[in-house]
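**Student:** Chain by chain, the residues run as shown.
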Amino acid sequence: MSQEFEPRIVAFCCHHCAYGAADLAGAMRLRYPEGVRVVRLPCTGKLDVAHVLEAFERGADGAFVAG
Amino acid sequence: MIVAEQKPLDEILALTEGAERVAVLGCGTCVTVCFAGGEKEAEVLAASLRMRARVQGRSLDATHGVVQRQCEWEYLDAARPSLEGVDCVVSLACGVGVQAMVERFPELRTVPGLNTKFYGLPTEHGVWEARCAGCGDCVLGLTDGICPVARCSKSLLNGPCGGSQGGKCEISPDTPCAWHLIYERMEALGHLDRLAEIQPPKDWSPGPSGGPGRIVREDLRRGPPPAEESEPAQPSSLLAS
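So the sequences go chain by chain: R and X. For the first sequence, the working numbering assigns the number 1 to the initial residue and increments by one for each residue that follows. For the second sequence, the working numbering assigns the number 1 to the initial residue and increments by one for each residue that follows.
Bear in mind the hints are in silico, worked out from the structure with no lab data behind them. Given the structure is predicted, the values throughout are model-derived calculations rather than measurements. Ideal Cβ placement from N, Cα and C applies to all residues, glycine included. Hints are supplied without guarantee of correctness; some may be wrong.
Capping the alpha-carbon separation at 30 Å, the derived lysine-lysine pairs in BS3-like fashion look like this [stated by the list, open to error]:
id	chain 1	residue 1	chain 2	residue 2
1	X	K168	X	K154
2	R	K46	X	K154
3	R	K46	X	K168
Computed far set for chain X versus chain R, every beta-carbon distance over 12 Å [to be verified]:
id	residue
4	E41
5	S48
6	M51
7	Q56
8	C88
9	T116
10	W128
11	L156
12	L181
13	P208
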């Protein structure tokens with residue numbers, strides 16, 4: 001069993017740009033680590049510090065904001 | 001508005017020591033618009049308290065809520081259901097709101113989460129400045145609307161002093177000299193001669209120096225005055241509910 005640390009990252013992505021880019025990356029068969037969980041936002045302007053804190057409270061090791 | 005800022009997290013944690021169920025209660029008025037104690041700040045503080053407690057290896061159930069105005073007893077009743085079974089309330093209101101909580105819910109332990117700073121206004125995004133000191137005897141009519149009590153570091157009524165340099169106060173280059181501002185305003189209004197009027201020593205007794213403030217408006221008052229009451233009004237109790 002691997003002891004390597006694999007961080008759980010919550011990726012907050014804007015629907016209109018970063019989420020589209022992630023979609024395109026998927027279509028291109030590009031891979032990203034399994035520990036990345038994408039949360040689609042209508043706009044990253046919607047992101048509040050409370051959302052980031054909740055991600056950490058629920059066990060995320062990091063938050064990634066893309067927009 | 002009343003301007004406040006949040007206490008350091010460690011200080012708030014120390015104030016809640018021993019409590020396992022904490023409610024962070026924001027106020028929807030002044031401290032919301034100065035981003036110190038509104039619903040959002042209450043939510044963030046509750047999350048921060050939970051996480052800090054977890055890091056310290058202790059159990060803490062922190063919830064959050066907000067009332068429209070913590071400085072009136074009637075508005076506090078809206079928070080009553082959310083305070084059931086709570087060990088400690090962190091009030092994100094000004095000092096008035098904290099004491100209103102204590103008076104309305106005397107059986108609850110309520111601690112302050114903010115430091116109340118001054119009566120002021122935002123001068124730009126993220127900057128608040130004092131404008132009023134609540135002296136109880138307004139002098140703005142003498143100074144063309146610029147308060148030397150709140151805005152002069154010495155609260156001089158006959159200024160400026162020798163510490164006024166280039167329009168700034170000697171205490172900080174970020175602090176405008178109130179008397180310089182008054183001079184400029186009087187000059188612009190064309191009655192600079194009023195600056196030569198010497199103001200006598202101010203009577204500070206109508207303000208905080210005269211003891212705890214109290215205003216009674218008999219035309220608005222309901223019921224008998226306190227002296228005729230058989231017993232003081234008791235705030236309703238959470239324990240009795």
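**Student:** Under the constraints set out in the numbered hints, which ones does this structure not fulfil?
**Tutor:** 2, 3, 4, 5, 6
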